[in-house]
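Two chains, two separate frames, one set of hints: put the complex together.
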Amino acid sequence: MSDITLGTAVAAAPEAVPRTAPLSQIGLVGWLRANLFSSWINSAVTLLVLYFVVRWAIGFVEWGVINAVWSVPNNQTQVCRDLKGTGACWAVITEKHRFILFGTYPYEEHWRPALCVLLFVGLYIVSAMRRFWRKELALVWIGVLTLIGALMWGGVFGLSYVPQERWGGLVITLILATFGLAFAFPLAIMVALGRRSSLPAIKALCVVYVELIRGVPLISLLFMASVMFPLFLPEGMNIDKLLRAQIAIILFAGAYLAEVVRGGLQALPKGQYEAADALGLSYWQKTGFIILPQALRLVIPPLVNTFIGFFKDTSLVLIIGIFDLLTAGKTAIIEPAWQGFGVEVYLTVGAIYFVFCFAMSKYSQGLEAELNRHRVR
Amino acid sequence: MSDQLVLEPGESVASQARTDAPPAILLDRVNKWFGALHVLRDVSMSIAHGERVVVCGPSGSGKSTLIRCINRLETHQEGRILVDNMELSDDVRALDAIRREVGMVFQSFNLFPHLTILENCTLAPIWVRRMPKAEADALAMQYLERVRIPEQAKKYPGQLSGGQQQRVAIARALCMKPKIMLFDEPTSALDPEMIKEVLDTMVTLAEDGMTMICVTHEMGFARQVADRVVFMDRGEIVEQGEPVEMFERPKTDRLRLFLSQILRGH
Numbered sequence: 000m001s002d003i004t005l006g007t008a009v010a011a012a013p014e015a016v017p018r019t020a021p022l023s024q025i026g027l028v029g030w031l032r033a034n035l036f037s038s039w040i041n042s043a044v045t046l047l048v049l050y051f052v053v054r055w056a057i058g059f060v061e062w063g064v065i066n067a068v069w070s071v072p073n074n075q076t077q078v079c080r081d082l083k084g085t086g087a088c089w090a091v092i093t094e095k096h097r098f099i100l101f102g103t104y105p106y107e108e109h110w111r112p113a114l115c116v117l118l119f120v121g122l123y124i125v126s127a128m129r130r131f132w133r134k135e136l137a138l139v140w141i142g143v144l145t146l147i148g149a150l151m152w153g154g155v156f157g158l159s160y161v162p163q164e165r166w167g168g169l170v171i172t173l174i175l176a177t178f179g180l181a182f183a184f185p186l187a188i189m190v191a192l193g194r195r196s197s198l199p200a201i202k203a204l205c206v207v208y209v210e211l212i213r214g215v216p217l218i219s220l221l222f223m224a225s226v227m228f229p230l231f232l233p234e235g236m237n238i239d240k241l242l243r244a245q246i247a248i249i250l251f252a253g254a255y256l257a258e259v260v261r262g263g264l265q266a267l268p269k270g271q272y273e274a275a276d277a278l279g280l281s282y283w284q285k286t287g288f289i290i291l292p293q294a295l296r297l298v299i300p301p302l303v304n305t306f307i308g309f310f311k312d313t314s315l316v317l318i319i320g321i322f323d324l325l326t327a328g329k330t331a332i333i334e335p336a337w338q339g340f341g342v343e344v345y346l347t348v349g350a351i352y353f354v355f356c357f358a359m360s361k362y363s364q365g366l367e368a369e370l371n372r373h374r375v376r
Numbered sequence: 000m001s002d003q004l005v006l007e008p009g010e011s012v013a014s015q016a017r018t019d020a021p022p023a024i025l026l027d028r029v030n031k032w033f034g035a036l037h038v039l040r041d042v043s044m045s046i047a048h049g050e051r052v053v054v055c056g057p058s059g060s061g062k063s064t065l066i067r068c069i070n071r072l073e074t075h076q077e078g079r080i081l082v083d084n085m086e087l088s089d090d091v092r093a094l095d096a097i098r099r100e101v102g103m104v105f106q107s108f109n110l111f112p113h114l115t116i117l118e119n120c121t122l123a124p125i126w127v128r129r130m131p132k133a134e135a136d137a138l139a140m141q142y143l144e145r146v147r148i149p150e151q152a153k154k155y156p157g158q159l160s161g162g163q164q165q166r167v168a169i170a171r172a173l174c175m176k177p178k179i180m181l182f183d184e185p186t187s188a189l190d191p192e193m194i195k196e197v198l199d200t201m202v203t204l205a206e207d208g209m210t211m212i213c214v215t216h217e218m219g220f221a222r223q224v225a226d227r228v229v230f231m232d233r234g235e236i237v238e239q240g241e242p243v244e245m246f247e248r249p250k251t252d253r254l255r256l257f258l259s260q261i262l263r264g265h
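Listed in order, the protein sequences are those of chains A and B.
Going by numbering that gives the first Met the number 0, the first residue of the first sequence is number 0, and it counts up by one from there.
Going by numbering that gives the first Met the number 0, the first residue of the second sequence is number 0, and it counts up by one from there.
Nothing false has been slipped in among the hints.
Label pairs and their computed distance ranges (CB to CB):
| id | chain 1 | residue 1 | chain 2 | residue 2 | range |
| --- | --- | --- | --- | --- | --- |
| 1 | A | ILE201 | B | ASP27 | 30 to 36 Å |
| 2 | B | SER58 | A | ILE124 | 54 to 60 Å |
| 3 | A | VAL215 | B | GLU235 | 52 to 58 Å |
| 4 | B | ALA93 | A | VAL215 | 45 to 51 Å |
| 5 | A | ILE124 | B | ASP95 | 41 to 47 Å |
| 6 | B | GLU77 | A | ILE201 | 27 to 33 Å |
| 7 | B | GLY59 | A | PRO199 | 29 to 35 Å |
Stretches of chain B that chain A covers, calculated by requiring three or more beta carbons in the stretch to come under 8 Å of a beta carbon on chain A:
| id | stretch |
| --- | --- |
| 8 | 92 to 104 |
| 9 | 120 to 129 |
Derived from the structure by calculation, the hints contain no laboratory data.
Backbone N, C-alpha and C fix where the C-beta goes; we use that ideal spot for every residue, glycine too.
Next up, chain B with everything else stripped away, as it sits in the complex (with noise of 0.2 Å):
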């Protein structure tokens, strides 16, 4: 975790991209409502392909519901929502087509406690992707190898810690070799002694160039690898900017009391 490779190599890579390639993805006024919750409002955004997005805010502001869309998790209402170009609907071949190219990381793991980690880990790519299970598993140890815990491949999930059980679960995501990442609040379940062999994963990984979007409050993972982090509260975008930009001259009253109050816990 060294700070020396900050935004340097991100920046170029976003703003490239921002102006020849099309978008990884595209939100276009997307809204969304939950019952008479009006919890997505006219979000718009692009991302890069490359772009290491970290997405904060206050608890029911809508960033997690904003990142289940991109997946479709969740559906939205209104607006359009484009992922490699391809846009999100009710056509299934077009959301198979889009999950298999977006891997999701979630708070509580998700793991499958009856597979062992190897099988978590290989399951999809054999019969999503179709892959002969030798070719898979040799995969999934190279994954697991990346994560830093190919030891644990013939364990279940419940005979590993937090920490590992996330690592496996970013393995698993990667073992699908995704274009875009995304990660929804990632150590929040985590005992503080864990979280950091978690952000290394994902340091490793954003250093790899990956497209990565972040619910996180980790404000240092931020400022180390995102390229732009984004500010949501009730539902809409703030304000959003580069990391350094952002906590140290907040525009908005909001963010100033958000960052406080992160500030104030950490």
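Here chain A stands alone, though its shape is the one from the complex (with noise of 0.2 Å):
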């Protein structure tokens, strides 16, 4: 055969014709049969492979939809429970769903926290869109965040004030994630760059903050704050517990990004340092033109991998007794009439987390690819 190819390309000589490549080695014919069916042992790992995936479907399917109960009258749940685990019992979600999202906020208020879930979700959007990032952007996010405290709060506009206690459900978690980030994220790029400062007493503290927070787990921090941490105030003084816990979450995560943003630092060649010193960039203008926009496009993953961890962390607040999503669920099963019902409820719980985590996953997949374009030649 080879030689066949040499003959030709002698003769069609000066220039060889491009063909396409032969059809069964490209397209989807190809892809199969090069990925699933290449040998005996391959062939049978993927039939064996499909046949697992296929009957569990189905049994998904069966359970999920075709034998499920939609909803019951009057909390009435044996229907469900004639079902004897055949069915998914749905009805405990139609029943539950704003308990689950909005916790034991009054329940003809629950507008207020149906807006703030909407006005954060749009916040996300917004702050997404590459063509939004000017200046601008952060007065959105402080009048966004004020608006969202008095909708929450209320007590103004003819809003009837409601307490912290009783907020919960998904507003919280979305709270807890998006205000601990945005002041977690400066922070760890402050504390990462002064770890490397050249002033010894700043970087001694950075370094302590950081190994002394990372080195305690989350939740004994978590108890600190809303046990320990009222003892120290004066008589009569009192910090909102749902503040507390912000706070406890907004260090951690912080020590944590920090180590992220310096893997970034550590990763410039130290000519980019040098260049910009040579140019006489003072070191303010040096980080911010310089080395940050090159660190931390370089750390995106491990960055949005520190973010959806934290995202799902926040779920640690119900050991002292804040009501997130999670713990909204789990309440929301405690009557005895709705007892026995957690699969369906954790499943929708975890749907909810899971488009939040999926959404910030594929948008950084997106952002990395646009960012790193000088990158390709």
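What follows is the structure, encoded as structure tokens:
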């Protein structure tokens, strides 16, 4: 075969006409052959896995859709119980979704946390678009977050006052995650820079902060914030429990993110610092224009990893009695009538977490490709 | 790259300057250590405005460290360094002033990969010199034309060849309108066919009367452009003088050995 190819190549000189690859090597058929059926072992494994996937999928559809009960009148859950696990009882979601999403927030005021959730999502979408990346975006954030605070607390514009103890559900998760990362990220950048500072005091402070906070579990930090911290406050003074948990989360996330950012700073060649110095750029100009834009691009994958981790870690506030999404779900099935329907509730709560985390993940992939365009030749 | 412009103008400028005006750069018994390693030993030298000095020597001789001390990318531990009559010290304001006047070109280019060629050139003029953006853009285009790559202005450094990147690096340094240019082995990281385009750019610069200190092993360039060649070995200046004199009648064995090695290499 090689002889023939050589022969035609010589005859067709000076230039060989480009041909398309043989059909058996490209397209769907080629892909299937190369990846799934390349040998008899691979073919057998493919068929076996396919069998299990299909069987499981059929079982799930039967349980979740065909045999499922979608609603029951007046907490009469006997219908669900009669299924004996062969069908899902989505009635628990129909009945309890308001509680899962909004916790113990006054029922007739539920539109307020609902609007807050929409505001959060809108804020994420606007912030994700590069064409809105300018200074005004910071003002939008301040404005929206203030508005969310006003909506949740009330007491202004004729809204009734709702104490923080009654907030709960998805909005708590979004508040903890959004405020947490919005404050932790700048803190992390400052700490990462501080750890590389030539000033010994600043460097020591940053090292101690990172090592100390990273060295204890988030749960113990939350306990300290909720139980120990109030003991040190003067008589009669009290700081909101949610705020205390929020600060604990910011400090914790800050320490982790700082190390991620520092990884990016370490990865930059020394020449970038030297070139910026040689041009006479000041420390902050060098950091803002040369170092951080490159370092942060490098660490987008571990950064988003940490972001997603913290979005889910906010659920740990359940141990200090704050009603986030997961705690609200757990509480919803405490009522005797609804006991035993945990799978349905946890699947729903899991799906909500998944939507937010998957969106973050997908967005970061796109952002990474777009911001690293300059590396493509 | 013609040979007739060798030395003739530079010599007069250099000798004149040595007598009247204060030197552009003055090093007075400079010493530096990396840990226990004594990398600069009592280095003294004076460079006049408009003078072109080529520093050569075997690797590890301290030649790069020497020019990196001049804009304080490295700090010296003993002795004095004066640039344009300002002493290099821990005083940040003096350092800023000196770095504004001294441009530097690195062996590995060190362009900012996330900025376009034009942005690479305008960043410092806009933020350090406080130049309006339009003016900085025009200035950058002028220098990019001088290094003959204006058509690449919108591209990113990664899309250019090594020789083009190094010419951009030269343009970037020039956009700050420095009085002195330092070159740290500017052609060592380049493929042979790209060395000439960078050297040509440097020759043009020298013809315009820029004060230059260049660490290089390009002896052809030294002959053509340099007013003075400084030979360093093991942290000290062993020999210095006019290029022809140095290369044809080396006085020390160390220089003779060095010349025989690099000539064999070429």
